[in-house]
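Protein chains: 4
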Amino acid sequence: MRRTLKAAILGATGLVGIEYVRMLADHPYIKPAYLAGKGSVGKPYGEIVRWQTTGNIPKDIANQEVKPTDPKLMDDVDILFSPLPQGAAGPVEEQFAKMGFNVISNSPDHRFDRDVPMIIPEVNPHTVTLIDEQRKNRDWKGFIVTTPLCTAQGAAIPLTPIYKNFKMSGVMITTMQSLSGAGYPGIASLDIVDNALPLGDGYDAKTVKEITRILSEVKRNVNEPEVNEITLDATTHRIATIHGHYEVAYVTFKEDTDVRKVMDSMETFKGEPQDLKLPTAPEKPILVTTQDARPQVFFDRWAGNPPGMSIVVGRLKQVNSRTIRFVSLIHNTVRGAAGGGVLTAELLVEKGYIDKR
Amino acid sequence: MRRTLKAAILGATGLVGIEYVRMLADHPYIKPAYLAGKGSVGKPYGEIVRWQTTGNIPKDIANQEVKPTDPKLMDDVDILFSPLPQGAAGPVEEQFAKMGFNVISNSPDHRFDRDVPMIIPEVNPHTVTLIDEQRKNRDWKGFIVTTPLCTAQGAAIPLTPIYKNFKMSGVMITTMQSLSGAGYPGIASLDIVDNALPLGDGYDAKTVKEITRILSEVKRNVNEPEVNEITLDATTHRIATIHGHYEVAYVTFKEDTDVRKVMDSMETFKGEPQDLKLPTAPEKPILVTTQDARPQVFFDRWAGNPPGMSIVVGRLKQVNSRTIRFVSLIHNTVRGAAGGGVLTAELLVEKGYIDKR
Amino acid sequence: MRRTLKAAILGATGLVGIEYVRMLADHPYIKPAYLAGKGSVGKPYGEIVRWQTTGNIPKDIANQEVKPTDPKLMDDVDILFSPLPQGAAGPVEEQFAKMGFNVISNSPDHRFDRDVPMIIPEVNPHTVTLIDEQRKNRDWKGFIVTTPLCTAQGAAIPLTPIYKNFKMSGVMITTMQSLSGAGYPGIASLDIVDNALPLGDGYDAKTVKEITRILSEVKRNVNEPEVNEITLDATTHRIATIHGHYEVAYVTFKEDTDVRKVMDSMETFKGEPQDLKLPTAPEKPILVTTQDARPQVFFDRWAGNPPGMSIVVGRLKQVNSRTIRFVSLIHNTVRGAAGGGVLTAELLVEKGYIDKR
Amino acid sequence: MRRTLKAAILGATGLVGIEYVRMLADHPYIKPAYLAGKGSVGKPYGEIVRWQTTGNIPKDIANQEVKPTDPKLMDDVDILFSPLPQGAAGPVEEQFAKMGFNVISNSPDHRFDRDVPMIIPEVNPHTVTLIDEQRKNRDWKGFIVTTPLCTAQGAAIPLTPIYKNFKMSGVMITTMQSLSGAGYPGIASLDIVDNALPLGDGYDAKTVKEITRILSEVKRNVNEPEVNEITLDATTHRIATIHGHYEVAYVTFKEDTDVRKVMDSMETFKGEPQDLKLPTAPEKPILVTTQDARPQVFFDRWAGNPPGMSIVVGRLKQVNSRTIRFVSLIHNTVRGAAGGGVLTAELLVEKGYIDKR
Ligand SMILES: NC(=O)c1ccc[n+]([C@@H]2O[C@H](COP(=O)([O-])OP(=O)(O)OC[C@H]3O[C@@H](n4cnc5c(N)ncnc54)[C@H](OP(=O)(O)O)[C@@H]3O)[C@@H](O)[C@H]2O)c1
Ligand SMILES: NC(=O)c1ccc[n+]([C@@H]2O[C@H](COP(=O)([O-])OP(=O)(O)OC[C@H]3O[C@@H](n4cnc5c(N)ncnc54)[C@H](OP(=O)(O)O)[C@@H]3O)[C@@H](O)[C@H]2O)c1
Ligand SMILES: NC(=O)c1ccc[n+]([C@@H]2O[C@H](COP(=O)([O-])OP(=O)(O)OC[C@H]3O[C@@H](n4cnc5c(N)ncnc54)[C@H](OP(=O)(O)O)[C@@H]3O)[C@@H](O)[C@H]2O)c1
Ligand SMILES: NC(=O)c1ccc[n+]([C@@H]2O[C@H](COP(=O)([O-])OP(=O)(O)OC[C@H]3O[C@@H](n4cnc5c(N)ncnc54)[C@H](OP(=O)(O)O)[C@@H]3O)[C@@H](O)[C@H]2O)c1
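Protein chains in written order, with full-length UniProt numbering: chain A, 1 to 357; chain B, 1 to 357; chain C, 1 to 357; chain D, 1 to 357.
Calculated from the structure, these hints are not laboratory results. All residues carry an ideal CB built from backbone N, CA and C; glycine is no exception. A few of these clues could be false.
Which stretches of chain D does chain C cover? Using the computed rule of at least three CB atoms under 8 Å from a CB of chain C, they are [stated by the list, open to error]: (1) 160–174; (2) 318–325.
Only part of the chain D face toward chain C is listed, based on derived beta-carbon distances under 10 Å [claimed, not checked]: (3) 57; (4) 61; (5) 63; (6) 65; (7) 68; (8) 185; (9) 186; (10) 188; (11) 190; (12) 193; (13) 195; (14) 201; (15) 204; (16) 232; (17) 239; (18) 243.
Okay, chain A solo, but in the shape it has when bound (with noise of 0.2 Å):
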């Protein structure tokens, strides 16, 4: 049996802390050791936090008090998740690394950085070797791994098999994403009340720019231009959903693509997690469902076991002998953030860029 990793979780009273949380007070080897936040230091837990997610806090942790963002207090810590605030997470991530510490960030700070892989494990395992190069680069003995968007992997996720094993030309995509995907308090009530509220330009061309990335090394002995050729776009939103990101995508392909085959390659997808049968991994990380009118945010979010890591895909259709849709519902705190965080720290202490600082 593999002996305890401690885990710390900074921003763990934040909307991704809290699921990194829950996950752990059951994890088979990873235990939640530190609790870091910032204006809640001090605190206990328990009285402190918005517990916004399923079942109790566990009772052990709702007592720990919360401890501020400080290295040296933590320092037989295995694994350092950091879901941090875009601009505060940055500058902390990289005192910690050089400091020797495994970080693995679910903030967009270091997302771009060249040698700073960005995970999904199930689709680009193989760039952790990335960590090898940032160590190198940097002379850390600690390192940054990063999980994408969440936004971006709802739709990277189920483009995956279908990028690898069809000729794709195409994909424009139209979100209606959860509350939670703001943090805390993120979107003002106001903006959302009777409304649907446009994430506009910005957050169009990112969810853009990380889908591009991700399809680029799915594919890693071809050149990059390939993904370039595609024409990708998103429109995004939110709607007043708590947690769960839906998106509608239209595919087109260059050549005439069956959508049973591509709804076969979505069923039948797996890869290094499920095949390395790492705790956290779901059987299947893409549900297909037939039902029409399902996924339903309300209903599907959690999907999978553990609840919330497999993304269900339906309304799968073939519009033109070119061109397909699907829809797809990504749980954005656990599959999009904390999940991954965990799935991808297992995954590496199974290559072994993690042990002992």
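Mind docking chains B, C and D with the ligands on chain A? Use the hints.
Chains B, C and D with the ligands alone, transformed into the frame defined by chain A:
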């Protein structure tokens, strides 16, 4: 000056009915003379109606009693507006038309009768001549004219100038529709709080069918097959907004097409209602916004003058040389139903189809 | 160890039904053996059910077929849980009880039959003896036992220790109730978005009537008139929450009463289920919080263990020497319905009322 | 005819500010001449404002540039409306008043200054004479007048005729307040979707404090202690409504009191604004409804003429011989803020307090 025409509003207590009442209360020559209902017959309109719209119930109308849907009581009515529920509408409308009433229906029941026009006054006003055919076929003194599905209008209106001016090859639409589009009681609250509700295959299909017909009528010299060569698809949903259907459209072309020209074609788009200066015609049927993150349902659904008669288009983007994206917002019960009905009535008056029975 | 008892759940696809299924799936000795419905008969439970609760559908139950409400098919059933709609429930329950079934009903139909207990196990467990009377009166081998209106329970449970220990003279309640309290489809979305929906005189009155009966049973030695001297009133509403009834209570007394003593009486309140250590009994039926701005519906409705079985009371305040205020939150479909039903079943088992028919 | 007065609106882009703009756009003699903001300075009002109200932005105002809060630029302004945020308002208002501006403030900062009136024109118009004292005390040419907390007004207005005419001994209020009451961005969406948000001790207390002051001013001949003998309490909440505070009040009396007489006193209630026929005075400040399940936030908040200036009271009930219940609904940003401010300005004009500085 034009003589005052008397209108009956069937289903006057419904979500579309109230917009007829609101708009006709101030109309220069059409007066709401007869308010009919079903469950609410015999009760004072102001007490029974759920006034789920803007402004307060017009004072003189609040005290009117709701009457039965009985042609014998409507002897002197010049125009009969019929926003009755699907199924109930069909036979009632036929009965009234046969008796000589001029019926303008918002219901789907007769939309696809071969000799029944389905009119958006700015888009296919020439199809009113089907009335002549209808009267001949059926030996009726009255007639039935319909308005299309609100969701179809939200796409078809902005697509009209595009289809007229550019070589369109495909349209892929994703909708976020309001609750009022389903009538009352309509959508169960438990289906929509913390959820996005897919409307499913049936609704997707009827949206596509109606857009197809409208576009085919836009270019009447053109042989129908052309429209059928266009790929049209829709993925439809409800979200927890009260009024206003928001639609994202990706449009592809057979040749390079400049989004700025597409934008121009929308901004300058007008039709017979504008030329004829019909009282309910908005100056611009399509208002184009270049503000980021607009239109928004809450803030833009009442756009134009009369309020709610203009569609707002925004987020226009050149996706690639042959693909553009736009977003549209239509007030479903106004432009998409009652307002469209009143505008159609004005057009028919102007064209001589409505005179004393 | 106790032998396993077989339970049938009528209305198993309803909002209360799903909580029975969820809670019994893990029950130490009551197994959900028979799932009955109406519109969904013949379909796999997992496909037809709207799982509007926490966790995923228990795997082994998802594939069960929904069966008709037919006593002939339930020969070996020990307990029949009946969360059927008002009106439909009454005759069905009578028929089953007559045939020897032990019926635990959440419906209002038999609540005010003179010989039918209306039980909250911590509050009036002694009233189970009405069963003996009932059997005698009606010459039945089975019986009907009911649970009270969820809204009434949300007030009656915290009022029980107050009424027992202090000289109460009045209670004025204002409620904010959840959508699930109305069943499915229940409340129309257009009645609740951007609105608070008053439930009106009828609902106010039945809430008061049930609280009155419960309190009168609390002090059984005491002559009924005492309760009738208490002023009881309720102003009831629905708001757009999914589960959880939130109630504000102002309580007046005939003599000076210290809110801290009232708080103590709630915190230390327990009943037979706790003494008997019934499996579904929460350690504390009432959890008192002193945090400002708590309880909150979203965060506290699943309080206790089993989740949702404890009522959370907060915002306790000494208004004047003879008036206090408190706020309570009850999970309406759990503590207020299915959980109350399961706990009642356990009580009846313990008291020897349930054995093989 | 009265000469046109020029008004400046500070915080013109805020939720109260927009109602000032909307109401003054049509005002017979007060013109919105100067729109001031902070973050939005320099931008066209129509582009920057979140028009979270009814109707469209008045055309001539949409193009005005938002100006800084600078007295030097407002030389010719007759009335200064100040709906600035708490904290920011205080010093600004003092500075302007000192310079000779006539300031009508909706902010709490000066409400409890001893020489500053806190006015509801129908309730305590005589307190305007505090202005004379204020000018003397402070040696100012201008002055500050305030309007009370919207929540306090929702109770204080209907309580005024009750307190005047009956021997009231207690009032226990439970509120369901709208999101707009908290300004923008105000309440986080994650605090309100599927939740009711208690506002906590601080907000409860200030509501009581303001009601107490208003009632003490109602009977000015009466020694203050009388009000203090009344038990007043409030339990305050926000729910996911956009505008409109809904409040349930239980009122107790020292002697038997007939609810029909209480109802009469509300229905016939009027004050100086009605006697003086001020342009913004509703015919009836209190509209009483006897319909079951009314008032409702969505349908009744714009009651009266001008819309939103009448409070709607309903669900009146004789609870026992000395207790009644009623429910009230106030449009918080209109009657409770901007509309109250405009009505106060009209009162001050009438009483000669506003002339050219
Ligand atoms: N939400 C999602 O769906 C999602 C998905 C993928 C990625 N992400 C990324 O994950 C990160 C966290 O998002 P979130 O939604 O969890 O945010 P959040 O709810 O706003 O939580 C932020 C957390 O960070 C802490 N914090 C804030 N500033 C800090 C600082 N300067 N130093 C140390 N700790 C600080 C806060 O602690 P206190 O409460 O103690 O102040 C809180 O625990 C973001 O970078 C986001 O882009 C989020
Ligand atoms: N809502 C939209 O956005 C929209 C847009 C385009 C087209 N439409 C179409 O417009 C029609 C009306 O929609 P809605 O949303 O207004 O529906 P609604 O809110 O459900 O109203 C239905 C109205 O019809 C009356 N009614 C119902 N059954 C009747 C019968 N058998 N005979 C006579 N009157 C009857 C009702 O009267 P009582 O209240 O007295 O029972 C009520 O006034 C539908 O065909 C719909 O497809 C709606
Ligand atoms: N919801 C609450 O918070 C709550 C609390 C306390 C008590 N209650 C009481 O519990 C009962 C159920 O409430 P609910 O909210 O669960 O209702 P619901 O969601 O509407 O569910 C009703 C259930 O009953 C079945 N059903 C309907 N008509 C039937 C008939 N004629 N014969 C047999 N089965 C029938 C339905 O089956 P199909 O789906 O197969 O048609 C469904 O499973 C009501 O009496 C209610 O007053 C509810
Ligand atoms: N909302 C209600 O129901 C209500 C009812 C009664 C009383 N009130 C009181 O009315 C006031 C305004 O409330 P609100 O809801 O309208 O707030 P809001 O929506 O937050 O608006 C605030 C306004 O003040 C401006 N502003 C902010 N800081 C400023 C500063 N330092 N100097 C100058 N201007 C500044 C803002 O301008 P920019 O947008 O340009 O930054 C904005 O126009 C508050 O004092 C509130 O307590 C509100």
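For which of the previously enumerated hints does the structure constitute a violation, in increasing order of number?
Failing hints, ascending: 3, 4, 5, 6, 7, 8, 9, 10.
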